[in-house]
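Make one complex out of these two single chains by using the hints.
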Amino acid sequence: TQLLEQSPQFLSIQEGENLTVYCNSSSVFSSLQWYRQEPGEGPVLLVTVVTGGEVKKLKRLTFQFGDARKDSSLHITAAQPGDTGLYLCAGNAGKSTFGDGTTLTVKP
Amino acid sequence: DTGVSQDPRHKITKRGQNVTFRCDPISEHNRLYWYRQTLGQGPEFLTYFQNEAQLEKSRLLSDRFSAERPKGSFSTLEIQRTEQGDSAMYLCASSSLGGLTEAFFGQGTRLTVV
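As they're listed, the protein sequences go chains A and B.
According to my numbering, the first sequence holds residues 1 to 108 in order.
According to my numbering, the second sequence holds residues 1 to 114 in order.
Bound-form chain B, shown alone (with noise of 0.2 angstroms):
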């Protein structure tokens, strides 16, 4: 396992149409967060994992974004009903339990929403 792993890399949606982006954490870790960043700023925090429950959930995901971890190892975020707002680079990270908990990067998903 060399790290945290995102697909797509990049995706290009027409507005109203729902995505779904797919991370794999590193093996070990058991914590697993979802970010978003737009141009000219830094990452904003999403939603939380621990094992397979949801945690945490920042006030900007709305009732559009949903976010499993069914079986404590990969996640999907889910955007319905997209819009252009939505565009942005959506990052996966993932930490261990004990320790430091800092978090590792996957690549990121380029959302563009047209």
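One chain only, chain A, in its complex shape (with noise of 0.2 angstroms):
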């Protein structure tokens, strides 16, 4: 069984505070997505990383692949209110292996 391991469960900061978040994994993934979700609906995705050490930017969202492509992080410039959300990582896209989220809040 692949196993994601997201750190940390919760974080809360001020708006404009920079974050990152984690996705462990002892397993290869060929590709690894990152969802954000509001609560009472499902996922919506941000990006698919699939080369190893692979960097990708969305507005004020960093995100990267391990160079062994068994780990990933997320990191938010900046932060604001409307980045509150919990945030998913998947390996393997299509039938994918969730982990449990980071929920993170940002406070006016």
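No wet-lab data here; the hints were simulated from the structure.
Any given hint might turn out to be false.
Derived lysine-lysine pairs resembling DSS-like cross-links, with alpha carbons at most 25 angstroms apart [to be verified]:
hint	chain 1	residue 1	chain 2	residue 2
1	A	K95	B	K71
2	A	K95	B	K14
3	A	K70	A	K56
Given below as structure tokens:
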């Protein structure tokens, strides 16, 4: 069974601060997805990373895939209250294995 | 087509009743997935279809659960003799067959068994 561990589980910060959340596994993944989920809604796909060492930027969000394709990080610069939500990583597209997420709260 | 659609959004049922949920995937997507999510956890894979064929079922899917995708388009998930432990968010996702096959999710059906 491929397991994904996300850390921290909860993160509460002030608007304008920077943060990084992590997604780690002992397994190698062919691809890794990051999703953001709001309460009562389904996950929304943010990005897919495929190549080891790959870095993708989406406005203030920077995603990195580890060289060995076992881990990933999400860095948010100058967080805003609208970034509040549950950030999930998932390994291997389609029939994915999900982590339990990082719940981010950005206070105004 | 604007995305994956699930119906109903919310369902409250009494223990022992049967419930059925519907998912309409993105129209050009061949693959359709069902997941279950409980509070504080990430989605857990239940089953998936490629066109009308059900290719894999998780051991989480007890014999009270059945899923169909009869014409390779929409899918239904039925839970018979519901139990309180079935209370969860049921998520449907779809993906294309080729390329990255990244999954796009619907808004989910929140089931509460009382």
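Hint check:
no., hint, result
1, K95(A) <-> K71(B), "21 angstroms, holds"
2, K95(A) <-> K14(B), "31 angstroms, violated"
3, K70(A) <-> K56(A), "16 angstroms, holds"
Comparing the model with each numbered hint stated earlier shows that hint 2 is the single one that does not hold.
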